[in-house]
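Place chain G on chain P using the hints.
Here the protein sequences line up with chains P and G, keeping their order. Note that this note's numbering gives residue 97 to position 97 of the first sequence, counting from 1, and the numbers run on in steps of one. Note that this note's numbering gives residue 20 to position 20 of the second sequence, counting from 1, and the numbers run on in steps of one.
Among the hints, erroneous ones may be present.
To be verified - Below, a sample of chain G positions facing chain P; criterion: calculated Cβ distance under 7 Å:
| id | residue |
| --- | --- |
| 1 | G43 |
| 2 | Y46 |
| 3 | H49 |
| 4 | G50 |
| 5 | W103 |
| 6 | A105 |
Bear in mind the hints are in silico, worked out from the structure with no lab data behind them. Glycine residues also receive a C-beta, built at the ideal position from the N, C-alpha and C atoms.
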Amino acid sequence: DGGITQSPKYLFRKEGQNVTLSCEQNLNHDAMYWYRQDPGQGLRLIYYSQIVNDFQKGDIAEGYSVSREKKESFPLTVTSAQKNPTAFYLCASSIDGEWEQYFGPGTRLTVT
Amino acid sequence: DAKTTQPTSMDCAEGRAANLPCNHSTISGNEYVYWYRQIHSQGPQYIIHGLKNNETNEMASLIITEDRKSSTLILPHATLRDTAVYYCIVRVPPMDSNYQLIWGAGTKLIIKP
Chain P
1 DGGITQSPKY LFRKEGQNVT LSCEQNLNHD AMYWYRQDPG QGLRLIYYSQ
51 IVNDFQKGDI AEGYSVSREK KESFPLTVTS AQKNPTAFYL CASSIDGEWE
101 QYFGPGTRLT VT
Chain G
1 DAKTTQPTSM DCAEGRAANL PCNHSTISGN EYVYWYRQIH SQGPQYIIHG
51 LKNNETNEMA SLIITEDRKS STLILPHATL RDTAVYYCIV RVPPMDSNYQ
101 LIWGAGTKLI IKP
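Pulled out of the complex, with its shape left as it was, chain P reads as follows:
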């Protein structure tokens, strides 16, 4: 079955540690996205990538980094510079230029 996988579903880290969230898709989509969602709020775009080896900052990129070495993979690193990293992180993909974004199940990160 085609889709987007994110792992792990729950992640716990100590403050000051970097952590990398995985996102893999087998939909052959060119575009991939990372969003952050805080309780009771909508999604906010962190980074997006339209093509391999290229990515753009979204509204809230500070404290995050990404890479796009393969079409299928778009990992997100939450660095120690991110002041409030505890959140629900969602990865999505789409056919370049198409309407529908397909979302993964999300990773809930808790930093204490």
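Frame of chain P, contents of chain G only:
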């Protein structure tokens, strides 16, 4: 900031039509209206989109007013599985944009037995 306004929450009886309103009074001529929904702790799911004509698919219908300042998403026969947060989003066509979808807080729709 989100360019849409939605009620915070709504209830609907199972089997009835659920009508979810959205105001987008500042919508531009080339901006489309999108709807997504998010079941608790899952990733959002695309429902439907439209520009100015009414649209229907297997999930829902989208009614856009003639002045395009508001729209209504209709779930014709709501089931308990339709309980979710519904997001109304306006955006320019994908080829014309920087891929930003501006998400508001959405409407929490609760379907009651």
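Status of the hints after comparison with the structure:
no.	hint	in the structure
1	G43	holds (3 Å)
2	Y46	holds (4 Å)
3	H49	holds (5 Å)
4	G50	violated (10 Å)
5	W103	holds (3 Å)
6	A105	holds (6 Å)
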